[in-house]
Every structure is written in structure tokens, then in C-alpha cells.
Amino acid sequence: MNFGPGPMNIGCYIVTNGIYSVTIPPNTVIQPGEYYVIAGSNTLLKDCGNVDSAVQVQLNWNTCNCTNIPIPTSGPGFFEDGGGGNEKIVLFKPNLEIVDAVSRWNPVSLSNNITTSSIGGQCASYTFDLDNMSIPYEIMGMSTGQGNSYARTIDGDCLWVKDPPQSAHATNNRAGDVSAINYALNITGAQDCGSGGSLSVQVNIVDTKVVTDYSVLFPMNYSIAFDANNDGIFDLTNDQYSYGEDNTPPSIDITGLPMGRYRFVVGSKMGCFLATFNVNVLFCGGVLNTQILNFDLVKQTNSYYTFRWMLAETGLAKTMIVEKSADGRHFTNAAVVPLSFSNTSSYWQNFLKEPGINFYRLRVVSKNGTEIYSPVVNTGTVSLTESAIGPNPATDILKIKLTGTHTETVHYKLYNALSEQVGSGQYLIHSGTNVKQLTVSHLPSGLYQLVILKKNSTEQPISFRFVKP
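Here full-length UniProt numbering is used: the first residue of the sequence shown is 1, the next is one more, and so on.
Hints were generated in silico from the structure; no laboratory data involved. It is possible that some hints are incorrect.
[Claimed, not checked] Derived BS3-like pairs: lysine-lysine, alpha-carbon spacing no greater than 30 Å straight-line:
id, residue 1, residue 2
1, K468, K209
2, K468, K399
3, K93, K269
4, K401, K436
5, K269, K468
6, K209, K299
7, K399, K413
In this text the structure is predicted, and so the values were computed from the model without any measurement.
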């Protein structure tokens with residue numbers, strides 16, 4: 001499961017038990033809250049092992065041409081249920097850096113010499129024997145034998161559950177379980193006044209039987225996602241990601257954050273005890289600049305485009321410019337638009353179509369010299385399938401980005417982790433980019449699936465998963 005802060009490319013990651021290995025195909029991207037399921041068939045049927053509902057498999061190791069050798073379809077194989085040894089699983093990054101390693105108990109089962117698949121030269125191939133490598137296995141203390149399956153809880157805690165119902169929907173928590181640690185976020189510098197904003201996450205040990213001292217946790221790892229284009233959605237293309245390590249217990253301290261929106265994920269050196277925080281660093285002086293609320297393509301004819309946008313705090317703006325581009329990277333001025341000095345102002349503008357010009361954006365210069373930009377609108381590729389959600393995890397409001405080719409009504413259904421429908425409704429979308437909102441503050445914590453579909457259409461529904469913390 002991807003705990004964030006943004007989308008994750010797990011292409012060319014390697015999963016192995018020391019006998020067999022599976023290389024995940026390149027450019028496999030999973031969103032926060034999404035799972036990646038690997039198995040020896042396309043579907044895991046209900047009551048197969050401890051699966052409590054049918055699960056669609058993203059990677060079938062018998063058909064992917066991504067294993068070191070053929071994996072048996074009968075008898076002891078990969079991800080064996082029980083067995084006579086202390087089965088282990090190791091996950092490697094594409095450079096053979098260890099992501100996670102677990103075993104039922106010591107001593108771990110013996111390994112063979114493995115040469116991993118390169119998937120036709122698309123990924124690096126490695127030859128290794130786990131017995132000859134320094135692998136920091138997490139020992140779960142579970143006995144061998146059939147029926148001894150196990151699963152990590154999906155709340156981010158460092159807890160393994162024996163014989164869990166598994167469906168990629170269940171929380172896998174046991175009644176009465178509480179986290180062995182908790183976190184407290186302190187914004188130590190809320191404004192960027194030249195040296196950037198700063199924050200500190202205090203790590204508190206709650207259960208000393210599970211976490212005896214801070215050496216079990218530290219060095220802590222962290223990931224920071226910066227919403228570079230300020231659209232409220234974290235993605236791999238338009239936003240910036242950085243990673244670090246902190247070995248100064250009992251807190252994780254970050255400084256030098258420029259003004260903007262961030263998502264901050266922390267975790268222990270074991271890759272668990274995960275937690276996510278959303279942080280905004282404000283402009284120095286405490287007053288935000290003019291804000292671009294939206295910039296949308298709402299109409300197009302054979303000769304022109306019509307854009308609509310809305311600003312907040314217009315009185316802080318100096319200049320407003322619509323820019324155009326042929327490649328989506330290098331922009332020139334399309335028009336300077338006069339400002340309307342009300343607190344929140346709406347604008348409409350027509351632009352003649354130009355050959356090869358498909359990209360537009362809005363640039364606003366504030367009176368203090370700060371520039372802000374809208375997300376780029378691509379007029380050449382508009383379809384309902386260009387969609388996204390965020391933030392994920394979502395605490396109060398989930399934003400849904402839908403890009404349509406004409407005005408129409410789309411319908412949505414919301415399901416909880418038990419596949420029960422917990423919400424439904426509809427949105428009116430127009431040509432161009434539409435950002436809709438879904439209130440989730442009333443929902444219990446857990447994993448949810450949002451399905452969006454056109455009425456009386458044969459198009460594939462759009463499906464998103466998100467986490468409500």
C-alpha cells in the first residue's frame with residue numbers, strides 16, 4: 001500500500017522469498033491509498049486462503065515474464081501459506097536497496113542463487129543469494145505450519161496480524177489495538193520570511209513493551225511533497241518530492257520550506273509507524289497573496305477558446321496575464337487582462353485559436369512582486385479520463401478534477417472498505433477542467449473507493465481510492 005505523500009512509481013521493484021523473484025514492470029504507478037496485488041492468477045477468489053472477497057490482481061506472475069524462473073502452480077511455491085520453514089519476504093528498490101524484509105521467526109529459511117528478470121531489458125537484472133547478504137529481517141514471532149498467514153495493518157502501524165481476513169479493503173486491525181507511538185505536529189515557522197518555514201514532529205512512545213526506546217525508531221525517515229503548481233493535487237509530473245532522514249530523537253525537525261502547500265510523511269527505520277501531515281507555509285506578514293481559485297476552458301468553437309477563472313483577494317494583485325504555449329513548458333503572453341478590484345472576482349475571455357498552440361495558463365503578479373500560476377490547461381487533449389483526486393489522505397474535503405469535452409452530468413458512488421455504498425450524487429461538468437468537491441469529514445476512518453460514471457454510457461467508469469485518516 002502507498003501511504004504517500006504522492007503517487008509512487010514502483011516499476012522495477014523486486015519481491016523475493018529467496019527461491020523465486022518477481023520484478024514489477026517499469027512505470028507502475030500507484031496513488032496514495034492504493035494497493036498493488038501480486039499473485040499467480042488474475043483474480044483471488046473469495047475463500048481462497050483468508051481472502052474474504054474477490055480481489056483483482058494487478059500482476060499475474062505466471063503471465064508477466066517477470067520471474068527469475070517459472071513459479072510452480074501447485075505444491076510449495078511463492079507466498080506459500082504456512083509451510084515447514086520460517087518463510088521470508090524481501091522487497092528491493094530497482095537499485096537493490098532494501099525496502100522491507102520480514103520473516104516468521106529465526107532462523108530464516110535457506111535461499112538459492114537468484115538472477116532476477118530484466119523484463120526484456122527494461123529493468124536492471126541482479127544475481128544474489130539472500131543468505132550471503134546482510135538483510136535486517138523484521139521477526140514476527142509466528143510459528144510455521146499451514147494457516148499461519150500474516151498481514152501488516154493498513155493504518156501505518158508496526159503491527160503484523162496472524163490469520164487476518166484479507167481483501168485489500170479490511171483494516172486488518174484487532175479490536176482494542178492502539179498504536180505504540182503517536183505524533184504531535186508543531187509549526188515552528190508558519191511564514192516564509194526569507195529563511196523559509198519550519199516544523200517539528202514530536203515522537204511519543206506510548207507502549208514501551210513494543211517500543212522499548214527511541215533506538216527502535218530512529219533514524220526516522222521522511223518524505224516531503226511540495227505542491228509546485230499550487231493546484232491542490234500531488235502528482236509526479238508537476239510537483240516536487242524530497243526525502244530525508246533524522247537521527248535526533250525525540251523529534252523530526254524540518255527547516256527552509258518556501259511558501260506553499262506541503263504533504264509530509266514520517267516513518268520509522270523499519271518502514272512503518274507511518275503518519276501523514278498537511279502543512280501550509282504562508283507568505284511573510286501573514287497575509288496571503290492573490291489566490292487563483294480556478295482557471296478553466298469552458299467553451300471552444302472552430303475559431304476560438306473561452307476561458308473562465310476566479311481570483312480571491314484581487315486587491316493584492318498588480319497584473320493578470322493569460323499565457324500560451326506550444327509545448328506546455330515555454331510560455332508567452334496571450335493577453336493582459338484588466339483587474340476588477342472586488343474581493344472575489346470572476347473573469348471570462350475569448351482567445352482566437354492559433355495553429356500549434358494548445359496550452360494556456362494564468363499568471364498573476366502581486367503588488368509585492370510574487371507571481372502565482374494556475375494549472376496548465378491543455379486544449380488539445382480534453383476527455384473525462386483526464387481526472388485526479390486530492391488530497392489523499394483526505395480529512396475534510398476531497399477535490400475531484402474532471403476534464404470534459406462538453407457540458408454533461410456525471411454520477412458518482414462512494415463505497416467503504418466492506419464494499420457498502422455510503423454515498424452517491426452527481427456533478428455537472430463543462431468543457432475543460434472542472435474541480436468538484438466531496439465532503440468526507442463525516443466519514444469514519446478507513447479506505448474508500450469513489451466511482452464516477454456517465455449515465456447511459458459504455459465508457460469505463462473512473463475509480464479512485466482514498467484514505468480518510
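Hints broken by the structure, by number, lowest first? 6
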